[in-house]
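Visitor: Quick note, the sequences are listed as chains L and V, same order.
Just so we're aligned, residue 1 is where the first sequence starts under this note's numbering, counting upward by one.
Just so we're aligned, residue 648 is where the second sequence starts under this note's numbering, counting upward by one.
Hints in this document: simulated from the structure, not taken from any laboratory.
Some clues are possibly wrong.
As the list claims (entries may be wrong) - Beta-carbon label-pair distances, calculated as ranges: (1) V:1092 - L:608: 36 to 46 Å; (2) L:26 - V:700: 50 to 60 Å; (3) L:241 - V:829: 16 to 26 Å; (4) V:829 - L:328: 48 to 58 Å; (5) V:776 - L:101: 28 to 38 Å; (6) L:100 - V:826: 23 to 33 Å; (7) V:829 - L:101: 20 to 30 Å; (8) L:563 - V:727: 25 to 35 Å.
Stated by the list, open to error - One-sided and incomplete, this derived list gives chain L residues near chain V with beta-carbon spacing under 10 Å: (9) 77; (10) 446; (11) 622.
Ideal placement from N, C-alpha and C gives every residue a C-beta, glycine not left out.
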Amino acid sequence: MSKVLYGFFKGQLIDNRGKPQEEWSDSPVKIDKDFNGKNLKSFINWDGFLVYDDKCDILIALAEYMSEISSYGCCGRCFPGRIGTKLVSDELYKLRDEYSKEKSDLIYDLCVSINDSAKCTVAPTSVIPVLRFLENFPEEAEKNGKSENTKVVRHLTAPCTAGCPANVKIPEFIEAIKDYRFLEALAIIRETMPLPGVCGRVCPHPCEENCRRGLIDDPVNIMVLKRTPWDYEYYHHKTPQIPIYRNNTGKKVGIVGAGPAGLTAAYYLAQLGHSVKIYDMLNEPGGMVARGIPDYRQPRELLRREVDIIKSLGVEIQYNTKLGRDIFLEDLRSDYDAVLIAIGAWKSRDMGVEGEKEGYEGVISGGIYFLNDFAAGKEVNIGKKVLVVGGGNTAIDCVRTAIRMDTEEVSLIYRRAREQMPAEDYEIEDAIEEGVNFHFLANPVKILAENGKVVGVECVRMKLGEPDDSGRRRPVPIEGSNFVLEVDTVIPAIGQYPDLSFLSEKDGIGVTKWDTIKVKDNFYVTDVEGVFSAGDCEWGPNTVVKAIGAGRWAAIMMDRYMMEGDVYLTDEEKLQLTLYDNKVFDKSEHLCEPPTIKRVHQEKLPPEVRVNSFEEIEKPYSEKQAYLEATRCLRCMRMAMISLENK
Amino acid sequence: MPEIYINDKSYPFEEGETILEVAKRNNIYIPVMCYLKEITPTGACRLCLVEIEGVDKPAAACVTYAIEGMKVYTDTEKVKKDRKRMLDFVLIKHPLDCPVCDKAGECMLQDTAYEFGINEESVSSEKFNKPVFDWGFIVNDTNLCIMCERCVKVCHEITGCSALKIEERGLNNIINTTTGGALSCDFCGLCVDYCPVGALLDKPYKHSVRSWDLDKINTFCTHCPVGCEIEVDIHDNEIFRCRSTENSFICSLGRYAFKYPENKNRINSPMMKEGDSHVAADWDTAINKIEEKIKSIKQNYGDDSLAFVLGSRLDTETIMGYKKLADELGTNKILTDIQFENDTIYKIHKSKFGTYDNIGTLGDIKDSDLIFVIGSDLSTEALGIKWNIMNAVIHNNAKLVTIGAKRYEYDEFTDISLLADYGNYAGIFEDIKSGNSEFSADIREYIDSAGKVSFIVGNEYISSETQPESVYAFLDYVGDNKLKSFFVVSDKTNITASLNSGIMDLDYTPEQLVKDINNSRVKAVVAVGFYPFETYGSYKMLRKSMKNIDLFISVDMFVNDFNKKADIILPVLSPFESEGSYLTLDGRVIKSSAVYTPDTDSKTDVSILSGIARILGVALPESNEEMWSTFVSGKNGIPAIDFYEIDGFITKSKDFDINKTAFSYENRSEGTVEIFVNAKYHNNFLSVTAVVEKDIEGYVKKHYFDVDNTVVSGKDACFDGKCSLDDNIAKGTILIPKNLK
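Please construct the entire structure, taking both the sequences and the accompanying hints into account.
Guide: Set out below in structure tokens:
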């Protein structure tokens, strides 16, 4: 853990000057002292500054910070940001040359003006460390010339970007929408997110939990804004313009799994000039997005357009090919320069209740199998009264699919309360509107059958007890509260895990205790050189956006492995991940922003219409709606910088 | 209605209005520099900072919505200090070259600094050393740029060209072209007009005159039938600059094509043929000569041996006056240039709507929710229409479908752009009606959900569709209850007057005229403002037959390759030198003003007409004003107002019916179509004469774009042995500049 000599951070003054190093404070920012072999000297960001080294000239570091802000951090699209920040930098350098109270006061005054008036938050937050420095450590400014050569590393981010597993440059693309430049917005999104048409529809949008507008009223509708430029390109019949960054490298990559992780890695690797081939066990692309997410949320023709774009970069996809059955890891290793395993998590967990494994007619062995078979167009035998067990997205997708089929009664049973359901709240609301019955705080204990056919499920009511490891309150059965639900079909949808049956010990690939593939943190490389893994099979079942983020990082690492023989993080990437670990969003922040217009909602099919079809429920924004929603964005860009010893 | 408080007084507002909009509407002053009514707010300059009760920091009024109960203060010491500092930031880096800057005197930065009482830089800092781009007719000195983004936004949101972008970040950012190379756009120069400082300047204007020495006169541009208001800036009886006004967005023609009166082929006195060339004469000599010749022709060939051909760029008084003259003479031997080209469309239009007039106004285009641009390259026909289309798309969510010989420059904004391969527009309409293709199904959906549909039909369609009624039948398919506007676009300034003059209804044709000439039934031709292109239509035929007449009188500003054979050329004043009214494409009545006094012996068309009429024994008024009040005002739906009341806002009445169009699609073979088009930045013979170079003490100043005679073609079409694979041009289509030799 790094130790702080002095600084000011989030309202907290730290001053250990004159104390021996052992007595210095722990850094309020969790950050490594070592950056690729170089020592950390200072950290400066929107919350203040921290000095880690007694030889650090923080005044010069602040001058450099302001200089970086004026040339890189700030977009330059407002007067105070474009010029004010440069003047502060210039004046800080002059202050080091010759200190005077007047100069110091002028800088202070300039900073206050910039803080008051700039357009986004880069410039206003950038003057915070300078203001805190001048207020609290004037004597450090008066000191003379101990400046030494340092290396400066900076990273520009935003709370939403940091909260997005795919690190989409959210304020930047929203700015382009404000300018009515939809195709430019799309190009920005695609820098880190090759499937915006999908993620703009089905993402649980963790970005919105990190939206500062949400601290005043509703967060910006980031997800729908993200699909808007994609919809613009699609509905305006434009040909996607995808840049290629490098000529053919002659390197070959094999990817197993054409789901979001595999497709994402393929996209970025193809952009970098590598030949990519994807193998998939299904007969269509998209993996869990194609088969696990019903068409009313993610129309598959739109998904296929996304895939066609990726294929247009030269990526080849071979279907109906399963790892461990049709292709084998050792062959892939010898055929390709790098291999990515991105096979998802397709095995359904058992409920562990009596009668589940008796082979009764009416017990479907897993929610994901039900969705998969239905999506594949296979005959799915369900009865008229369907009960789905579970509270996640798969469970919700199962009930909403079942209610669109020839059924009379569709119910969902979940052992915790609605508030704890992992599924999206709006989806629960939608399902209720469509007529799904919900049984909260209840759990099946036994499947009842007559003549080998399911006739009902015996359940027990639950209450919430003490919190478990995950922090959620553990559900406990209420004795004697058993009751029977009369159903003819039971679909368990309580969880999934990857099918790693293709692995054998001689492959040498480690597996975690959660039945996922073990990789080295942040590098996505397995125990075997040249074999990488990302997505649900590596992390466990998670969101599409998480798989996309992992797929992109894996692609970066695979590229370095193939081109440079090693996987590593650059100083800036290390700073980036440090910022994410420390959270960029601050829930307790007091905002001084004026109120604005209400969150703009997209048009939606009414329940009585949508329950009869698999037509997409949520319609695109009009461009005007997108513009209005975009204007709600506060442009919460901000920059952090570290100075390192230069060697 | 919700209300906000500004400086403790309450004001109602509509949801979605910004504080600045409410303040402006109520005449509460808040300084601005980057704000422009017509574009989305930028929030760059921060001069509009205001304080809001309960909000710790000042907010920019241009991007902050008015919210019920909000209490706003526009004039606190705090915001005044912050505003001053914002301006200070700019001035610190802005070169203080005001004495040599062409913007001086009309510079927003200069004015605002004065208003704020800034007389020195609070901090000294090195000035920029950034590039100066020479983009042909526009110069961008990025050192002077304050990065307000008006130019970029105007170019994107008003013109649809998106030719400018912001390059680099932070302090290093500059405005550059989207491609990073030469500026490729309409050269409407709106970016120059809205640049608050001297960063963007018209090159022909640069270093020519001081702004305070200019007399600024508003008049109307007469290059095309859109009829935009322009400001003409005069010094020492010479035009130095034209630009848009608060009522108009203009194009390159209105902006840069103003030096044609100084073209070396301009004639300033009557010219009489002597041998192979002309010699100057005085008016009496010329008129006497005409009188004498006409007398002898009449004697030899009869009273009806005289014909008139008119250009559609003449003012309304002249066109209506010649028609009156023909009526008085009892002849039908009068034609306009429309009839020499393809006039079928206008006849179909009339049978469809019962009028030659276009349906709807330019404003109706803005108000449409579905717009079809059908075979019209607005950039070379009537660019002003495009601004209205862009407005509908950007501010009104309108769907835009283009069907044309090529993809137009605003393709980024189209919902669907289709190429009419082999000039087969009717086939595309059939496809839409049947909904067979992916595109046509989508277009049907647009039609189904649209309430107000506009049609813009232009030269590419008129020149290549073999069933020109098909677009009118397509309107029937769309549904006449949805019709918002229907424009047949033309590059002819006063086509609306020509069409309304009744000349078209006289049943005389160019073929008949040529026959009459060749059979010696016509021996004298008076060509007024009439230029027959050498390459197409019935023009060629006329050119050939002209040698058979005995008297060729040309009334024109210039000597050109047609009237150089004329026996007598009578010189006319240009629209910058005389008053005349015009009817625009959407029926507004506009008027040109004399903005300087030319050194010429030329007369107005009306006065020359009066002279010719007198020879023929007919008395007609000598001035436009009298001609207007006697033969124009109150007739043909033209409003009964006095000449001086013409202000560009009053519109001719435009009653119309809608009749069903009988139509059955005829299959056609996929043959090559040749379409004669205007060269880029040019829309008629007049614009070509505006290519004027002036030598000023050894420095040659160029005043308009050269004519680019490049022929372009799509796949399956070859021209002059060259074949093309251009995917952005319709298959089997060759676009040939009109006067290519």
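Visitor: Could you tell me which of the hints above the structure violates, numbers in ascending order?
Guide: Result: hints 1, 2, 6, 7, 8, 10 break, sorted rising.
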